[in-house]
Amino acid sequence: MLNVKEVSGGYGEHNVVHDVSFQLQQQEILGILGPNGSGKTTLMKMISGLHPLSGGAISFKGRPLSDYSSKQLAKEMAVLPQLHSHAFDYTVRETVSMGRYPHQKGMFALWTEKDEKAVVEAMVQTGVLSFEHQSIQELSGGERQRVFLAQALAQEPKLLLLDEPTNHLDLSYQKQLLDLLKDWTTTHQLTVISIFHDLNVASLYCDRLLLLHEGKTVGLSSPGDVLKKDIVERVYQARVHTQAHPELPKPQITLLPNHGRHKQDLIRKEQFHVSAAHVHFTAEQPLKSLSSAVIGAGLGWHRHFVNRHVPMDYSCDDSYRDMCDYADQHGWNSSDTVGMMTAVMVEDVVIREYHDDDLSIVIAVTAGVGNAVDVSLAHKRKQKEAIGTINSWVFINGKLSDEAFIQAMMTATEAKVKALQHAKVKDPITDTLATGTSTDSLLVASTQSGPFVQYSGTVTALGKLIGRGIFECTASAIESYWHRKKSQ
Amino acid sequence: MQKPSTRTYSANRIWFGYLLSSIFLFVAFCLAITLGSVQVPLKEMLQIFWGTLFGTHGETNEMMKTIVIDIRFPRVVLAALVGASLAIAGASFQGLLKNPLADPYTLGVSSGASVGAVMTIFLGFTIPGLGNFTLPVVSILAALLTLIAVLGFARFVERSMKMETIILTGIIFSSFLGSILSLMIALTGEELRQIISWLLGSVSMRGWEYIRLIAPFFILGSFLLMWNARELNAMAFGEERAHHLGVNVQVRKYFVLASGSMLTGAAVAVSGTIGFVGLVVPHMVRMAWGADHRHVLPLSVLNGASLLILCDLVARTIVAPTELPIGVITALLGAPVFGLILIRQRRERRG
Chain C
1 MLNVKEVSGG YGEHNVVHDV SFQLQQQEIL GILGPNGSGK TTLMKMISGL HPLSGGAISF
61 KGRPLSDYSS KQLAKEMAVL PQLHSHAFDY TVRETVSMGR YPHQKGMFAL WTEKDEKAVV
121 EAMVQTGVLS FEHQSIQELS GGERQRVFLA QALAQEPKLL LLDEPTNHLD LSYQKQLLDL
181 LKDWTTTHQL TVISIFHDLN VASLYCDRLL LLHEGKTVGL SSPGDVLKKD IVERVYQARV
241 HTQAHPELPK PQITLLPNHG RHKQDLIRKE QFHVSAAHVH FTAEQPLKSL SSAVIGAGLG
301 WHRHFVNRHV PMDYSCDDSY RDMCDYADQH GWNSSDTVGM MTAVMVEDVV IREYHDDDLS
361 IVIAVTAGVG NAVDVSLAHK RKQKEAIGTI NSWVFINGKL SDEAFIQAMM TATEAKVKAL
421 QHAKVKDPIT DTLATGTSTD SLLVASTQSG PFVQYSGTVT ALGKLIGRGI FECTASAIES
481 YWHRKKSQ
Chain G
1 MQKPSTRTYS ANRIWFGYLL SSIFLFVAFC LAITLGSVQV PLKEMLQIFW GTLFGTHGET
61 NEMMKTIVID IRFPRVVLAA LVGASLAIAG ASFQGLLKNP LADPYTLGVS SGASVGAVMT
121 IFLGFTIPGL GNFTLPVVSI LAALLTLIAV LGFARFVERS MKMETIILTG IIFSSFLGSI
181 LSLMIALTGE ELRQIISWLL GSVSMRGWEY IRLIAPFFIL GSFLLMWNAR ELNAMAFGEE
241 RAHHLGVNVQ VRKYFVLASG SMLTGAAVAV SGTIGFVGLV VPHMVRMAWG ADHRHVLPLS
301 VLNGASLLIL CDLVARTIVA PTELPIGVIT ALLGAPVFGL ILIRQRRERR G
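One line per chain: the protein sequences are C and G, in this order.
Counting in this note's numbering, the first sequence runs from 1 upward without gaps.
Counting in this note's numbering, the second sequence runs from 1 upward without gaps.
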């Protein structure tokens, strides 16, 4: 519908926008991004007919923009500016009603049913109807922003131009406003061009992004193609990291600040506390950890690590809550804690340190093989899960990549299987060699300082340490378990 | 989900505003006709008007008839037209510049018009073909030129044209034009007292001739402004916003500026510089009945007329038999209101 062709423009001799071209698709949301001074607002003003072009052409629905009168254009195109000035006490309703200006005809400009309907709908959609008779001067910045959005929507535009629409809004209204716009693209055949400062918000809501740098197009494509680490770092001159959004196939950008983390002390096996109730370790600084624990599972940063003994007949409806309470009772902030449970006597934990040059790891394993399982035949059994019995911890004094974390988990698991085979642990039901127990848990945590580890497969330096360490510790833990069984 | 009750309520409030303003105007009119050095009873006044209208010669007192018809009536009508012109001009300048402190006086437009008027009166020239209308036409042109100069200068000082910048520019131009006036007066060697009393504004002893001078400009100017009321509403949110709402800003802006100058110039030409009417009246109207220019403009006309009629009444009765210049009374009223608006604006901005 909108065709921007090799457009340039600026102030005086100095061009701020150079040769920008794009074709707007019906009902899409196009985000315009760029650092301060990259020409976003100037481009927007040229599209809205406020600023002259020094080169190129803009056409809307096949006709040059200059063919439209202000009124004709306002029927098709509405603008929500970044800043609003207002000198008088207009009520919210009066303000929103001005959006009908381009639709009213003749000297007396009669107020029709259609006008009334558009105004009320815009006020309902933006949630400002409840204060329609209040003066806009009494409103907060966010409320005012919604009133002006309602004014723009009352114009019933086909194209909506927004300049940082979420500027004064808190998180919930940001989401509401953008969800509303997304909704209007389908329900009202609305097409949107919006300037964004927040790359992540733009990535989530825009179909396409136009990234400007010094007035020139750097990228015009889907968020995934535009928001690449190297492009963003070059344009914004900032260190960033990109990762996937947890729910949508959209990239999210994280700033990497210059202030580093404090130097991390090496983790030593002496720092672990063992009692009848739990095995516990508290790190000086949070560790990056990947685990399948009861609390603090998944990928995150944690300081406290606890493997708690619970009785054989432990049953709790909400073991998560129970584990959190346990952590809090001991003075470990539960949101900072990775917590596991086991019915095994945790005093029998095997904790050992392994070194290779400047790389070192600490491994802690508690094992019980009472409900050992052969994973290849597990489909034959119908049994409820019991509490984890082989809980393995791997602490690494090093800086791991994401892939190293995953390979560490794999390597540790393989070594555990080998230890069970070595001890000839059998699945009591199938009478075949067991590969683990039904609810084993694994934690890999690293200081993220010290030597960098890209990979940790079985034959890498770290892989070798983990393989050997988990095998030895697990084997030793199983021996202790059997020893205790016999002596009982 | 509409709320008809509140909607009717606000619509009723506006109509109540028109009713109240009309009553106020009628009362002001009656007071101004009846009160003075010679008291004319209300009944007598009505009889005189009745008689003059329908040519019936009742038992009316000839002296009273002269006072009412030849002296007070034209004076009151002139005061009403001047007040109405200044008030609606003020209201439109405020909307256009989104500046509640703007009015013909604070913008320096009145001073500009005075220079034009003084030039015409004391140099005594006429533009061929215009005759008597030379005076208002020159005043109007001077007003328009001044307004363009003030706004151009303010924009030159600061592109965003903050409220204070415009007012300061207006004051600079006022002082400058005031000095030119003084200079002209000194050079013409006329009697100073008379000129100064004209400068402070007066509607006395002008007669029907002056009403004929201002009336066409008042009608045309008010009509043009009311025609642009919705555009003024949009422009009160800034020119960019108005453009996005579909207003042809360049054309409408010049309509408003020209109409405002026309009203100011014509008013100054017949009555001298009467300050603050354009500030006080729209401000009161907005406080009472909201900021919608479709109502602010006509209500300002009604109340501007009433206010100036009353001010004139006070001016000629308070220290009778001496007459005070009417500008003294409006300034006594207007300057504190100016201060109040400034305080309010400041507070709100600090928020």
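Treat each hint with caution, since some may be false.
A few chain C residues that face chain G, going by a derived Cβ cut-off under 7 Å, partial list only [claimed, not checked]:
| hint | residue |
| --- | --- |
| 1 | 11 |
| 2 | 13 |
| 3 | 52 |
| 4 | 53 |
| 5 | 68 |
| 6 | 70 |
| 7 | 86 |
| 8 | 87 |
| 9 | 90 |
| 10 | 102 |
| 11 | 105 |
| 12 | 204 |
A few chain C positions that, by computed beta-carbon distances, are all more than 12 Å from chain G [what the hints assert, rightly or not]:
| hint | residue |
| --- | --- |
| 13 | 91 |
| 14 | 100 |
| 15 | 101 |
| 16 | 148 |
| 17 | 324 |
| 18 | 330 |
| 19 | 360 |
| 20 | 403 |
| 21 | 488 |
Bear in mind the hints are in silico, worked out from the structure with no lab data behind them.
Computed from a predicted structure; not experimentally measured.
Heads up, the beta-carbon is just placed ideally off N, CA and C, and yes, glycines get one too.
- Query: Any of the earlier hints contradicted here, and which numbers?
  - Reply: 1, 2, 3, 4, 5, 11, 12, 13, 14, 15 and 16
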